[in-house]
Amino acid sequence: MRTIEQACVALLCLALAACGGGGSEPVPAQPAPPPAELHVGDLHVHATAVNTMALPERVTRNYGIARGEQVWMLLVTTRRGEEGKDVAVPAKVEATARSLQGQRIDIVMRELRTPDGLIDNVGTFSITPPDTLQFNVQVTAENEPTRTLEFTREVAK
1 MRTIEQACVA LLCLALAACG GGGSEPVPAQ PAPPPAELHV GDLHVHATAV
51 NTMALPERVT RNYGIARGEQ VWMLLVTTRR GEEGKDVAVP AKVEATARSL
101 QGQRIDIVMR ELRTPDGLID NVGTFSITPP DTLQFNVQVT AENEPTRTLE
151 FTREVAK
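Numbering (full-length UniProt numbering), first residue to last: 1 to 157.
For the record, the hints were derived by calculation from the structure and aren't laboratory data. Where is the CB? At the ideal position from N, CA and C, for every residue including glycine. Where hints are given, some of them may not hold.
What the hints assert, rightly or not - Simulated crosslink set (EDC-like; lysine to aspartate or glutamate; CA at most 20 angstroms straight-line):
(1) K92 / E144
(2) K92 / D106
(3) K157 / E69
(4) K85 / E37
(5) K85 / D116
(6) K92 / E111
(7) K92 / E37
(8) K157 / D131
(9) K92 / D42
(10) K85 / E142
(11) K85 / D42
(12) K92 / E150
(13) K92 / E142
To be verified - Simulated restraints on C-beta separations:
(14) E82 / P130: 34 to 42 angstroms
(15) M53 / S99: 15 to 23 angstroms
(16) T114 / K157: 31 to 39 angstroms
(17) P56 / P33: 13 to 21 angstroms
(18) M53 / E82: 33 to 41 angstroms
(19) L112 / N143: 15 to 23 angstroms
(20) Q103 / G68: 15 to 23 angstroms
With the hints as extra help, turn the sequences into a complete structure.
Written out as structure tokens, the structure reads:
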């Protein structure tokens with residue numbers, strides 16, 4: 001897992017741990033779900049959905065995305081090779097989500113290249129919590145057929 005993915009997961013855990021209500025008993029923070037993963041041969045795809053308010057402002061600024069209570073980010077990374085020695089692979093990424101009420105959410109994804117040579121695909125979408133989203137992510141890496149990654153995430157209030 002790369003640095004930005006680790007930062008997203010760690011920050012989400014910290015944000016959940018910092019949440020509290022006036023006068024109510026503290027509730028232990030639930031760990032952020034691990035990224036959804038797809039491994040085909042030496043191709044590795046990871047996808048993470050996180051509320052943008054759980055990310056530091058510098059991260060959202062670097063990614064060029066807005067922060068907001070109802071704004072979520074989908075981060076998809078595509079790598080090739082042995083984990084820890086893998087390299088970023090350019091990929092076309094298309095993503096949708098479906099709410100419990102059947103609402104389809106088209107997530108416009110765009111490629112971002114980091115100064116250290118990583119390639120991430122990032123998209124944002126709005127959702128009013130609470131809800132449960134079923135994600136469908138289509139990934140077409142260079143010289144590969146399209147692969148599908150499906151996963152579910154709870155959007156807590």
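Each hint, compared with the structure:
1. For the hint pairing K92 with E144, the CA-to-CA distance comes to about 11 angstroms; that is within 20 angstroms, so the pair holds.
2. Taking the CA atoms of K92 and D106, the gap is about 15 angstroms. The hint holds against a cut of 20 angstroms.
3. Of the supplied pair hints, the one linking K157 and E69 holds, its CA atoms being roughly 9 angstroms apart against a limit of 20 angstroms.
4. As the CA atoms of K85 and E37 are separated by approximately 17 angstroms, the hinted pair is consistent with the 20 angstroms bound.
5. Using a Cα cut-off of 20 angstroms, the hinted pair K85 and D116 holds, with the two alpha carbons roughly 14 angstroms apart.
6. For a cut-off of 20 angstroms, the pair hint linking K92 to E111 stands: about 8 angstroms separates their Cα positions.
7. A distance of roughly 17 angstroms separates the Cα atoms of K92 and E37; the hinted pair therefore holds under the 20 angstroms criterion.
8. Restraint check for K157 and D131: the C-alpha separation of about 8 angstroms stays at or below 20 angstroms, so the hint holds.
9. Between K92 and D42, the direct Cα distance comes to roughly 18 angstroms. Compliance with the 20 angstroms bound is thereby established for this hinted pair.
10. The hinted pair formed by K85 and E142 meets the criterion: a straight-line CA distance of about 19 angstroms does not exceed 20 angstroms.
11. Proposed proximity of K85 and D42 is supported: the alpha carbons are some 11 angstroms apart, at most 20 angstroms.
12. In summary, the hint linking K92 to E150 is supported, as the alpha carbons are separated by about 16 angstroms, within the 20 angstroms threshold.
13. Restraint check: the Cα-Cα separation between K92 and E142 comes to about 8 angstroms, which is no more than 20 angstroms; the hinted pair holds.
14. For E82 paired with P130, a C-beta distance near 39 angstroms keeps the hint of 34 to 42 angstroms intact.
15. Distance hint check: the CB atoms of M53 and S99 are about 20 angstroms apart, consistent with the given range 15 to 23 angstroms.
16. Distance hint for T114 and K157: a CB-CB separation of about 33 angstroms, consistent with the stated range 31 to 39 angstroms.
17. At about 20 angstroms, the beta-carbon gap between P56 and P33 stays in the expected band of 13 to 21 angstroms.
18. Here the CB-CB span from M53 to E82 is close to 35 angstroms, well matched to the stated 33 to 41 angstroms.
19. The hinted window of 15 to 23 angstroms between L112 and N143 holds, with their beta carbons roughly 22 angstroms apart.
20. For Q103 and G68, the hinted distance range of 15 to 23 angstroms is satisfied, since their beta carbons lie about 18 angstroms from each other.
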